[in-house]
Amino acid sequence: MPFDDQSEIPDSALLTLYANGDGTAARTLTARLAPRVLAHAQRLLGNLAEAEEVTQEAMLRLWRIAPDWRSDEATPRTWLYRVTANLCTDRLRRRGRAEPLDAVPEPVDGAAGPADSLQDRTRAEALQAALGQLPERQRQAVVLRHLEELANPEIAEIMGVSVEAVESLVARGKRALAADLSARRNELGYTDDTRT
Amino acid sequence: MTHEHDSPNPLAAHFEALKARAPEPDAALMARIVADADREQAVHVAPPPRPSRSGLLAGLVNALGGWPAMAGLATAAVAGVWIGAAPPDGLTAMAQQMMGGDTATLMIDVDLESAFILAEGAS
Chain A
0 MPFDDQSEIP DSALLTLYAN GDGTAARTLT ARLAPRVLAH AQRLLGNLAE
50 AEEVTQEAML RLWRIAPDWR SDEATPRTWL YRVTANLCTD RLRRRGRAEP
100 LDAVPEPVDG AAGPADSLQD RTRAEALQAA LGQLPERQRQ AVVLRHLEEL
150 ANPEIAEIMG VSVEAVESLV ARGKRALAAD LSARRNELGY TDDTRT
Chain B
0 MTHEHDSPNP LAAHFEALKA RAPEPDAALM ARIVADADRE QAVHVAPPPR
50 PSRSGLLAGL VNALGGWPAM AGLATAAVAG VWIGAAPPDG LTAMAQQMMG
100 GDTATLMIDV DLESAFILAE GAS
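Chains A and B are the protein sequences, given in the same order. Letter by letter, the first sequence follows residues 0 to 195 in numbering that gives the first Met the number 0. Letter by letter, the second sequence follows residues 0 to 122 in numbering that gives the first Met the number 0.
Since the hints were derived computationally from the structure, they do not count as laboratory data. Owing to the predicted nature of the structure, the values given are computational and were not obtained by experimental measurement. Accuracy of the hints is not assured; some may be wrong.
[As the list claims (entries may be wrong)] Across the chosen pairs, the derived CB separations fall in these ranges:
| no. | chain 1 | residue 1 | chain 2 | residue 2 | range |
| --- | --- | --- | --- | --- | --- |
| 1 | B | Asn61 | A | Val162 | 30 to 40 angstroms |
| 2 | B | Ala68 | A | Thr74 | 43 to 53 angstroms |
| 3 | B | Ala27 | A | Gly95 | 22 to 32 angstroms |
| 4 | A | Gly22 | B | Met69 | 55 to 65 angstroms |
| 5 | B | Thr74 | A | Arg63 | 46 to 56 angstroms |
| 6 | B | Ala27 | A | Arg69 | 29 to 39 angstroms |
| 7 | B | Ala27 | A | Arg63 | 20 to 30 angstroms |
| 8 | B | Ala27 | A | Arg94 | 18 to 28 angstroms |
| 9 | B | Ala75 | A | Arg69 | 20 to 30 angstroms |
| 10 | B | Glu23 | A | Pro66 | 22 to 32 angstroms |
| 11 | B | Ala70 | A | Gly22 | 38 to 48 angstroms |
| 12 | A | Ser6 | B | His43 | 20 to 30 angstroms |
Glycine included, every Cβ here is placed at the ideal spot set by N, Cα and C.
Excised from the complex, chain A in its bound form:
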């Protein structure tokens, strides 16, 4: 990462450096955290343009809270996930589900890797569309667990619920996703050749 020249410094310490006037801390934090925020917002919203707006807004809130940051409360990453989820929830409610997520164009807009294939693209788009049909809390829990790959205790902290509640949300979300994707497989006519 081109900005990350303070790689050994924890996020909280970087935020304190930023609040004290350090000129490079914000660049390091941006390089570390903005990709995560963008990916999370895109997965919750299913729309890259909106996800970029949410990312900028979430990072702006981080800069504004920096002078009052208390490092014993949460990590900047956890705090950002929480703020990002709240911003996405606001947008989804404004959207009022008048526009279902699977109707949004370009639901999956990430860079295609070398192993990308048409079937992988189809799988990714199908999952993104299915995520859009989940209740918000289930969607958030599933995304944090299986796409952001966070541990349940951190997810619980982000969502403000118990670990048991996270497990329940993830389990229900995955059941709903499996049912939805099974129907989409039949509808779209693709096979999942990695199933065992």
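Please build the complex by placing chain B on the supplied structure of chain A, with the hints as guidance.
Same frame as chain A, now just chain B:
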């Protein structure tokens, strides 16, 4: 960080496919975020005090309490020089009394009875 995948897990391939297509923030977004950070930092963070360009003199002035204190010191110095060059009437005698001088020496020679009379006002 890894997590357990239930095996068999019909969702695993979908999760892997979507993870591989995570969006990367483009340069324009990163630049906007950093510009926000710089603007907020300028608003909320007080600039560090500028180092004095006058060096030793400014340091001495600051150590003595700044320019107001220096004005008081200058006034006292001028008054001291003035009093030294043209002392007011009686100042010399008063100074001799305070510092101890010929007057004290004369008092030593006074006998005890005279000293008592002087102390009583010798009316």
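Structure-based check of all given hints:
Against the hinted window of 30 to 40 angstroms, the Cβ-Cβ separation of B/Asn61 and A/Val162 comes to about 58 angstroms, which falls outside the hint. Range check, B/Ala68 to A/Thr74: Cβ separation about 49 angstroms, and the 43 to 53 angstroms hint holds. Between B/Ala27 and A/Gly95 the beta carbons are some 30 angstroms apart, a value that agrees with the proposed interval 22 to 32 angstroms. Between A/Gly22 and B/Met69, the C-beta spacing of about 36 angstroms breaks the proposed range 55 to 65 angstroms.
A C-beta distance of roughly 50 angstroms is found between B/Thr74 and A/Arg63, which places it inside the suggested range of 46 to 56 angstroms. Checking the proposed 29 to 39 angstroms range against B/Ala27 and A/Arg69 shows it holds: the Cβ atoms sit about 33 angstroms from each other. Checked against the hint of 20 to 30 angstroms, the C-beta distance between B/Ala27 and A/Arg63 comes to roughly 22 angstroms, which is consistent with it. Between B/Ala27 and A/Arg94 the Cβ separation comes to about 24 angstroms, which falls inside the hinted range of 18 to 28 angstroms.
In this structure, B/Ala75 and A/Arg69 break the distance hint of 20 to 30 angstroms, their C-beta atoms being roughly 51 angstroms apart. Checked against the hint of 22 to 32 angstroms, the C-beta distance between B/Glu23 and A/Pro66 comes to roughly 30 angstroms, which is consistent with it. Hint check: B/Ala70 to A/Gly22, Cβ distance near 40 angstroms, so the stated range 38 to 48 angstroms holds. Hint check: A/Ser6 to B/His43, Cβ distance near 26 angstroms, so the stated range 20 to 30 angstroms holds.
Comparing the model with each numbered hint stated earlier shows that hints 1, 4 and 9 do not hold.
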